[in-house]
Amino acid sequence: MTFDLALALHSLPVLMHGLIVTIALAACVLVLGMMISIPMALARTSRHKPIAWAAAAYVLFFRGTPAMILLFFVYFGFGQVFGARDGFLGALFSNAFLCAVIGFALNHSSYVTEIVRGGLQSVPRGLVEAAAALGIEPRDVFLRIRLPLAIRYGLKAYQNDVILLTKATAVVSIITVVDLTGAANAVFYDTYDPFTPLLTAAVFYWVLINAIRVGLSRLDAWLNVHLAADERRDLAIQIRTEGLAPALPAGQLGEAAE
Amino acid sequence: MSVVANEIADERPIAVQIQGVDKWFGSFQALRQIDLDVHKGEKIVICGPSGSGKSTLIRCINRLERHDRGTVVVNGIELSDSARAILDVRREVGMVFQQFNLFPHLTILENCMLAPRLALSLSRAKAEALAMRYLARVHVAEQASKYPAQLSGGQQQRVAVARALCMEPRIMLFDEPTSSLDPELIKEVLEVMEELAADGMTMICVTHEMGFARRVADRCAFMDQGQIVEIAAAKPFFEAPRSPRLRAFLAQILH
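Residue numbers (the working numbering), protein chains in the order written: chain A, 1 to 258; chain B, 1 to 255.
Calculated directly from the structure, the hints in this document are not laboratory data. Everything hinted at is true.
Covered stretches of chain A (chain B as the covering partner; in silico rule of three or more C-beta atoms under 8 Å from a C-beta of chain B): (1) 124-131; (2) 146-158.
Using C-beta positions, here's what the derived DEER-type ranges look like: (3) 140(A) / 85(B): 15 to 21 Å; (4) 31(A) / 73(B): 47 to 53 Å; (5) 27(A) / 129(B): 40 to 46 Å; (6) 149(B) / 139(A): 24 to 30 Å; (7) 191(A) / 149(B): 54 to 60 Å; (8) 48(A) / 10(B): 43 to 49 Å; (9) 51(A) / 27(B): 25 to 31 Å; (10) 149(B) / 47(A): 30 to 36 Å; (11) 224(A) / 124(B): 22 to 28 Å; (12) 167(A) / 125(B): 45 to 51 Å; (13) 47(A) / 27(B): 18 to 24 Å; (14) 198(A) / 125(B): 58 to 64 Å; (15) 167(A) / 68(B): 53 to 59 Å; (16) 149(B) / 211(A): 29 to 35 Å.
Where chain A lies over chain B, by a calculated footprint (3+ residues, C-beta under 8 Å): (17) 108-120; (18) 144-151.
Even glycine gets a Cβ: it sits at the ideal position worked out from N, Cα and C.
Input sequences plus hints: build the corresponding full structure.
See the structure below:
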């Protein structure tokens with residue numbers, strides 16, 4: 001078993017196409033997941049018991065179900081369960097990519113719901129009371145204090161879930177979506193060389209995962225600048241208060257003003 | 001049980017009227033039949049052993065706690081479950097907490113601008129001018145662009161005072177504002193509170209700073225087991241306490 005460089009180069013366009021499908025799939029799931037998770041986390045902590053129980057049941061069910069089975073169920077089962085062979089729902093459930101987004105989002109959002117809930121519950125009570133005592137309305141207290149802090153508390157756990165999700169999308173070819181793994185497999189079937197395309201795909205995954213990791217770490221550092229070491233924090237404060245313009249010598253600044 | 005009270009005729013209008021207030025936490029009764037009228041411009045210090053209901057009482061004034069019986073009327077607005085009434089009261093009443101409770105992800109300036117921007121819908125420029133004015137008033141204007149974690153406890157607490165003042169409240173509540181400060185930082189916070197008192201602010205302070213109480217308070221109230229046991233002008237309160245429990249309390253803390 002040897003690595004065939006010529007084959008690797010030759011299969012780059014196919015793999016690149018697969019990579020784009022993987023990225024598009026993960027991105028759609030992340031957006032849909034966030035849209036589900038924040039309301040679901042609020043429902044989970046609701047004072048109204050039936051709402052809290054319904055959200056808890058959602059998390060219990062979808063967190064305990066393998067993504068692969070959800071994919072099968074959404075792609076092959078939903079159409080029959082809901083009798084949706086025609087019309088809008090029929091079109092929706094016969095599109096493998098959309099089914100994959102829904103299947104993964106159900107699974108992923110159940111994890112993220114718990115991250116958001118944990119983050120919201122970690123916000124010190126005193127901060128919420130201080131905001132309320134200032135006469136800020138509950139909706140604004142949530143949007144300006146609770147949620148921004150919860151995001152900061154939950155970001156590291158969320159980073160793990162984003163990475164796990166991105167890699168978990170590799171099973172999506174079982175419902176006919178040709179993602180990065182699917183593309184690599186196709187090359188394998190054509191050439192009988194399993195090693196070269198799969199190793200090349202692995203490198204693609206590695207680069208993608210680390211790009212995500214670096215991106216989220218930067219986001220984390222930017223959001224948590226108030227906790228940073230003094231030097232970096234001072235720079236951030238300066239940028240925030242004086243704008244991004246580089247410090248120019250006085251003469252140049254004067255000319256620019258004229 | 002009758003409250004030992006040394007009533008002084010006070011012609012000023014009533015800012016906070018508390019009548020027959022009871023409050024339970026589960027089966028524990030935190031407040032028992034509290035009656036207290038606070039007049040406009042008056043400074044009241046509430047003291048008492050921990051667990052006596054001091055904090056609960058002032059938290060009922062801005063509805064951080066819901067009272068179970070009786071009435072609380074603040075500047076003519078009666079507190080009920082009405083969200084509108086609660087917001088209206090909170091916009092009249094500023095509060096400073098033992099733990100400062102500055103928003104850690106916002107700068108000092110942003111901490112002070114948040115409520116005026118959201119609750120009073122002020123423009124950015126107006127809110128900033130307002131914030132800078134009150135930050136200057138509590139002597140921390142030069143820290144405006146820093147984050148709370150970069151300030152000392154005393155500075156943070158002064159920012160908390162400024163943040164509350166930015167809503168231009170007519171009444172200020174202080175819930176043990178110096179209890180989590182190092183001794184050398186207590187003074188700077190008390191000085192700011194005394195300046196505020198000198199400007200005529202209506203103030204209700206839960207504190208163990210008896211020197212502050214003597215200098216500033218019009219009346220002092222002593223609470224124990226959810227009741228106001230004794231309430232009197234500062235001088236008789238300290239020099240001629242009438243109830244044995246207050247005498248015992250003062251003997252313990254004035255050493």
